[in-house]
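Take these sequences, add in the hints, and give me the full structure.
Oh and the sequence shown: position 20 is 20 in full-length UniProt numbering, straight run, nothing missing.
No lab work stands behind these hints: they were computed from the structure. Treat the numbers as computed from the prediction; the structure is a model and nothing was measured. Some hints could be false.
[Unchecked claim] Under the rule of at most 30 Å between Cα atoms (straight-line distance), these lysine-lysine pairs were calculated in the DSS-like manner:
#, residue 1, residue 2
1, LYS165, LYS98
2, LYS233, LYS253
3, LYS165, LYS253
4, LYS165, LYS147
5, LYS267, LYS233
6, LYS185, LYS98
7, LYS185, LYS165
8, LYS147, LYS185
9, LYS185, LYS233
10, LYS233, LYS165
11, LYS50, LYS98
12, LYS267, LYS165
13, LYS253, LYS98
14, LYS267, LYS253
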Amino acid sequence: MSASFRSRSSALGVKIARASVIRAGMLILIVGLSGSSGLAQTSKKSSSLKNIEVCNGSDRVSPEARIEACTAFIDAGEGSANGFAVAHNNRGNAHSAKADYEGAIKDFVAATRHNPNYAKAFNNLGVAYLRTGSHDLALSAFQEALKLNPNYATAFANRAAAFLKRNAYDRAAQDYDEAIRLDPKLEAAWSGRCWARAILGALQAAMEDCDMVLRSGAGNAATYDSRALINLKMGQLSAAIDDYNAALRYAPKLASALYGRGVARFKLGDTDGGNRDILEARRIEAGIAEDFVRYGVPQRD
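Here it is in structure tokens:
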């Protein structure tokens, strides 16, 4: 890990914002944290073996139990540098599962210090930074992951999500292209590219991306919201409303879906319904009208 990256990571400290990257205004799909790595079970003590087993974790192990087990392994001080890196990464995943991103960041940074070649930990660190709104630090972490593993599809998709948060839609689309090339089954990349292309105005290509995700059965608020924006920009207002309704069934307070539906309703002559949606969206996300101007949809007064 570069010295400049370490200094920026440590400087964040306890001042990390707790705001989620999934704002009310716009949903961006982030690929989940890379799965836990396995600690080598070299100890002959049954208690140590149990800690290793629980720290390695599974869907049946609670985050609290994993944190306790990983902490016991780390505190025992009997592992290798790589073993400690894995334990910190696994504990970071458990902190993330509890939405304790400050704790997760500390563990992921520790994992990369124990093993500077640990691409998975850098990716996970980037996800945790992204979820706190620390977009520059997230981009740096994803870049480190990709330097270590240039074929890391998940890191490309997650870096694309960070570019979206910085309104760098061209860069995001390029990273989504690469993520899809490396892993065509990565649905979050297709959904994210749909959103990026919709904003960039490549509407037919964007529609194909969203439709691919929805045909797979992986319906979610982000994908419906993206397809709704495409329909809105195409002037297919009833279809846009249907998609915004679907998005709002998943995320009832999604400001972009409320605002977009309001615009569509207003254009169809439903002035009262349109104004209600637009006012509610602005109440949730004050800058949502400006966001839609950036998306290519005229602002409603």
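The hints, checked one at a time:
no., hint, result
1, LYS165 with LYS98, "holds, 23 Å"
2, LYS233 with LYS253, "holds, 22 Å"
3, LYS165 with LYS253, "holds, 19 Å"
4, LYS165 with LYS147, "holds, 22 Å"
5, LYS267 with LYS233, "holds, 12 Å"
6, LYS185 with LYS98, "holds, 27 Å"
7, LYS185 with LYS165, "holds, 23 Å"
8, LYS147 with LYS185, "holds, 23 Å"
9, LYS185 with LYS233, "holds, 28 Å"
10, LYS233 with LYS165, "holds, 21 Å"
11, LYS50 with LYS98, "holds, 22 Å"
12, LYS267 with LYS165, "holds, 29 Å"
13, LYS253 with LYS98, "holds, 22 Å"
14, LYS267 with LYS253, "holds, 22 Å"
Of the numbered hints given earlier, the model fails none.
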